[in-house]
Each structure stands twice: as structure tokens, then as C-alpha cells.
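There are 2 protein chains.
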Amino acid sequence: MTDALSRADFEARLRRIGAERYHDLHPFHHRLHGGDCSPDEVRAWVINRYYYQHSIPMKDAAFMSRVEDPDLRRAWRSRIEDHDGTETNEGGIRRWLRLAEAVGLDRDYVASCEGVLPATRFAVDAYVRFVRDKSLLEAVAASLTELFAPKIHASRIEGLLQNYAFADDAALSYFRNRLKEAPKDVAFGLAWVLDHADTAEKQDHAARALIFKTDVLWSQLDALWGAYVDPARIPPGAWRPGEGLAPGAEAA
Amino acid sequence: MTDALSRADFEARLRRIGAERYHDLHPFHHRLHGGDCSPDEVRAWVINRYYYQHSIPMKDAAFMSRVEDPDLRRAWRSRIEDHDGTETNEGGIRRWLRLAEAVGLDRDYVASCEGVLPATRFAVDAYVRFVRDKSLLEAVAASLTELFAPKIHASRIEGLLQNYAFADDAALSYFRNRLKEAPKDVAFGLAWVLDHADTAEKQDHAARALIFKTDVLWSQLDALWGAYVDPARIPPGAWRPGEGLAPGAEAA
Numbered sequence: 000m001t002d003a004l005s006r007a008d009f010e011a012r013l014r015r016i017g018a019e020r021y022h023d024l025h026p027f028h029h030r031l032h033g034g035d036c037s038p039d040e041v042r043a044w045v046i047n048r049y050y051y052q053h054s055i056p057m058k059d060a061a062f063m064s065r066v067e068d069p070d071l072r073r074a075w076r077s078r079i080e081d082h083d084g085t086e087t088n089e090g091g092i093r094r095w096l097r098l099a100e101a102v103g104l105d106r107d108y109v110a111s112c113e114g115v116l117p118a119t120r121f122a123v124d125a126y127v128r129f130v131r132d133k134s135l136l137e138a139v140a141a142s143l144t145e146l147f148a149p150k151i152h153a154s155r156i157e158g159l160l161q162n163y164a165f166a167d168d169a170a171l172s173y174f175r176n177r178l179k180e181a182p183k184d185v186a187f188g189l190a191w192v193l194d195h196a197d198t199a200e201k202q203d204h205a206a207r208a209l210i211f212k213t214d215v216l217w218s219q220l221d222a223l224w225g226a227y228v229d230p231a232r233i234p235p236g237a238w239r240p241g242e243g244l245a246p247g248a249e250a251a
Numbered sequence: 000m001t002d003a004l005s006r007a008d009f010e011a012r013l014r015r016i017g018a019e020r021y022h023d024l025h026p027f028h029h030r031l032h033g034g035d036c037s038p039d040e041v042r043a044w045v046i047n048r049y050y051y052q053h054s055i056p057m058k059d060a061a062f063m064s065r066v067e068d069p070d071l072r073r074a075w076r077s078r079i080e081d082h083d084g085t086e087t088n089e090g091g092i093r094r095w096l097r098l099a100e101a102v103g104l105d106r107d108y109v110a111s112c113e114g115v116l117p118a119t120r121f122a123v124d125a126y127v128r129f130v131r132d133k134s135l136l137e138a139v140a141a142s143l144t145e146l147f148a149p150k151i152h153a154s155r156i157e158g159l160l161q162n163y164a165f166a167d168d169a170a171l172s173y174f175r176n177r178l179k180e181a182p183k184d185v186a187f188g189l190a191w192v193l194d195h196a197d198t199a200e201k202q203d204h205a206a207r208a209l210i211f212k213t214d215v216l217w218s219q220l221d222a223l224w225g226a227y228v229d230p231a232r233i234p235p236g237a238w239r240p241g242e243g244l245a246p247g248a249e250a251a
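Heads up: the sequence lines are chains A and B, in that order.
One point on numbering: in numbering that gives the first Met the number 0, the residue at position 250 of the first sequence is 249, and numbering is uninterrupted.
One point on numbering: in numbering that gives the first Met the number 0, the residue at position 221 of the second sequence is 220, and numbering is uninterrupted.
The following block holds chain A by itself, in its conformation from the complex (with noise of 0.2 Å):
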């Protein structure tokens, strides 16, 4: 039997996973935040993770619904909070939606779901349904992306702000309010599995699944670029640019 990693040990094997996988590293993203996606690569991005928004909390919700624990379900409840809203909050999914109207996109049609493309759905659900499967460390662990959004966040809102006409404070608020909740999150479930994987088989569970979410983020980023960039071949029932336009906004 393997000894378990030391607990600094292990946070590092965890961070590296970040390091080598997690979706900043996608050409998606250095286009994005470069200021080389054309409007409707913007828009195509927005509409699909918009399906990742709305099935967070779903996420979360599922988590709760297998944690005896009341104290460590109140804990968690507020990730709900932060994207469903509350009464003094609007939330990350309606902030969401005022970054889709800043790009020309009819909020309805984005709340919709319709034109999400097959892959996003696909791997949204398959995290959703891994949270609801598989073990609470496995699922703790797999929400521990968190720990490397706050660098893309940043970057995004940078890039964002330099590149693209649309991009202003209300249409970003949804990067900066995740700068601002994200790390009470992360710092939580991190300590969390760094409490609960004590055996070296545990440690690899959690690894695993931090490394089975950067691929939930990834593959969407494959999906999107395989979609609408180069060269774009868009899958029938798929978003097509032109459609679900604001009222008033321009086919870009």
C-alpha cells in the first residue's frame, strides 16, 4: 500500500493539475482574451456557457441533496446563492445574461438553452451527473477548478476590456463578482478534501476528478472552436450566427 502524500504534498500534485489542464491553456481562450474572436465567436462562447451557468447550481443542488451533514450543507448553500441570486443579489446567472445582451443576443434566446451546441450539453451533464454519482470527496474535489479561476477571470476581464467595443463594467460584472466569492469557495473545499483524502487511494480519487472536470471545461472549448472558428462547421440545430439577436443589435 502506498503512503498517503504529506497534505503540502498533495495540494501541489492537486495544483499542478491545474497548471497542465485547466482551460486557460486553450487556444479558445488566448484568442478570447487576445481580442481575435470576431463578435460571433464572442456570442457562440456566451450562449454555450451559459448552459455551464445554469447548471452550476443544479450542480450544487445535487451535492446538498447527499450531504447529511446540516452545517456543511449551509456551507454550501451559498454557491447557490451566488449564481441563483438572493434577495440583495441579482446572481452570476442573471449577470450572465446582462453580459449576453452587451454582445447583441436576446436575453430570452440565451435563457433558452436553445442553440447550445450537443458537446456542451454533454459534458455540462456529464458534471452534473458526476457530482450526483460519485463519492462527496470525488465531488468536493472536482469543484476545486476554483482554484485557478481567479487568473483567468482577471486576464478575461483585462482582454475583454481592452479588445471589445462591448465590454464595460455591467457586462463584465459577472468576472468581477466571481473574483470577489470564488476564493471563499475554494479555500473551503480545498481545505476540505486536503481533511478527507487521508489514504493515498482517496488522494487519487480527488485527483481524478480534478483532472475529470478539466476536462468538462476543455472538451467545451474544443466543441466551441470545432463549431464556429476554424473552420467553422456548425452542427445541425446548433446556434447560427444571425439568430437570436437583441432587438436592435447587428448580424455581426
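Any given hint might turn out to be false.
One copy or any two copies: either way a pair holds, since identical chains are not told apart in the list.
[Unchecked claim] With a Cα cut of at most 20 Å, we get these calculated SDA-like pairs of lysine to any residue:
(1) Lys150 <-> His32
(2) Lys150 <-> Val185
(3) Lys183 <-> Thr85
(4) Lys133 <-> Arg65
(5) Lys201 <-> Pro149
(6) Lys179 <-> Arg97
(7) Lys150 <-> Ser172
(8) Lys133 <-> Gly247
(9) Lys150 <-> Asn88
(10) Lys183 <-> Glu145
(11) Lys133 <-> His29
(12) Lys183 <-> Ala248
(13) Lys183 <-> Ala110
(14) Lys201 <-> His28
(15) Lys183 <-> Pro149
(16) Lys133 <-> Ile210
Since the hints were made in silico from the structure, they are not lab data.
Treat the numbers as computed from the prediction; the structure is a model and nothing was measured.
Got chain A sorted already, so can you dock chain B onto it with the hints?
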């Protein structure tokens, strides 16, 4: 094909299910509210009913994990808050643990769910699974036993206060709070079911779901009666009088 009932007739059909099958009709509740339960019978009820309480937020999270509409998720989330608590509300689960202490049980023992009757677990777990697996309409319809709850909470408060030394405002705060919380939930749930059960087939499904839920509640009291009342036949591993007492509490 049968025609759907009118809204009013369908509501009456649902209410009849409560009138005929809700667990306020069970002899255990007559015994409890009438002051005829021994202290150990009350303790057994508190221990087993805790398992139901602690599972309800898991059930509600399972529901939310399947809801794609952020507005519906937001409306439903208050149920979890009511049970698990918020910064300003200790929540129903902690209130139930205060009742446990008031009847002489150790809070941690009750919270551990050790000693819960297997039949209680089977019934309650069946409810969580039902909500995870069935249609959203059936899940909401199953929650409508809350239509019948205010009556039982009110007569419980009155009966317990009259008949048991442990009963005071702090011990019974769970029930008083449910009198406030349940009506808003059930008004929402009933309207949702009446809106969505728009065919005879869906009305049948909703009615069967409500019947299922009355079975879940009733069978918990049957199990309690069989194990602890007349004649008591406590199954292996379940709580036995004298176990799990609060420091200083006396065996009855």
C-alpha cells in the same frame, strides 16, 4: 381519454387524500397529543422523526438539482433555509434538537441518527429517491402534505403543552415556526401543481404522488408503534429506552 378535472375539483381531490390518509389519523398521534405516550414513547418519536427532518433539505436539494429554471430554484431554496438555518434563523433542524434535549435526550446522539428504526430510514429514503427520480410535478405534489400540516402542528402544540412536563415554548418552537413557514410553501406548491397538472393523466400522477407521501408519513408511525408501543418489539440495533440520554436526564 378522460377530461381533466377543473382546478377547483382537482384541488378538492387532493384535499380528500389528506382527509382520508394524512397521519393525523394515526393512533400514535392521538396517543401523543392526548398525553397517553410514556416519556420513552415520546423519545422514540423524537429520535425517529429527526431522521425525517434531517432528510428533508436533502429532498429539497434533490428537487433543485433537477430544476433548470433559476426562478423556481430561488423560490424553492427557502425550504432548505427554513430547515438548515440562516444567519438570522437557527432553522428547523436545530429547533428539533432543542425538543430532543427537552425530552431528556442527548443532542449529539439524536443528531447521529444512530438508533433510528430501519423502517423509518426505508420510508424516508424512499421519499428522497422519489423526488430524485420522478417528474417535477410528482415531486411538488408529494410536498403537498403540508396542506394538512398546520392542523396537526396546532393540535400538537396544544396537546403537548397540556399533557407533558417537558413542553414549553423553547421545546415546541419547531412547531410554532412551521405554522409560520409551511403556509407560504404550500401556497406556492399547490398553485404550481394546479397550474401544471393540466391533463387527467397528470392529475392522476400528482394524486398518486400525494398518496405515496401520505404512505411515507403513515408508515413511520406504524414502525414507531410496532417497535415501542403495544407490544414493544424493538428491532436489533434500534434505540432502546435508557440509551442516548442527555447528561443528568433520568431513564423513564
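Now the hints, each set against the structure:
1. Lys150 <-> His32: within (12 Å within a copy, 60 Å between copies)
2. Lys150 <-> Val185: within (13 Å within a copy, 44 Å between copies)
3. Lys183 <-> Thr85: both (18 Å within a copy, 17 Å between copies)
4. Lys133 <-> Arg65: Result: close both inside a copy and across copies, 10 Å intra and 17 Å inter.
5. Lys201 <-> Pro149: Neither: 27 Å inside a chain and 46 Å across chains, both beyond 20 Å.
6. Lys179 <-> Arg97: within (18 Å within a copy, 36 Å between copies)
7. Lys150 <-> Ser172: This pair counts as within: shortest intra-copy Cα distance 16 Å, inter-copy 47 Å.
8. Lys133 <-> Gly247: Answer is neither; intra-copy 46 Å and inter-copy 42 Å both fail.
9. Lys150 <-> Asn88: Close neither inside one copy (24 Å) nor across copies (36 Å); limit 20 Å.
10. Lys183 <-> Glu145: within (10 Å within a copy, 36 Å between copies)
11. Lys133 <-> His29: Classified as neither: same-chain Cα gap 33 Å, cross-chain 43 Å, threshold 20 Å.
12. Lys183 <-> Ala248: neither (38 Å within a copy, 41 Å between copies)
13. Lys183 <-> Ala110: neither (28 Å within a copy, 27 Å between copies)
14. Lys201 <-> His28: Intra 32 Å, inter 46 Å, cutoff 20 Å: neither.
15. Lys183 <-> Pro149: within (12 Å within a copy, 39 Å between copies)
16. Lys133 <-> Ile210: The answer is within: 14 Å in one copy meets 20 Å, while 32 Å across copies does not.
When each numbered hint is compared with the structure, violations occur for hints 5, 8, 9, 11, 12, 13 and 14.
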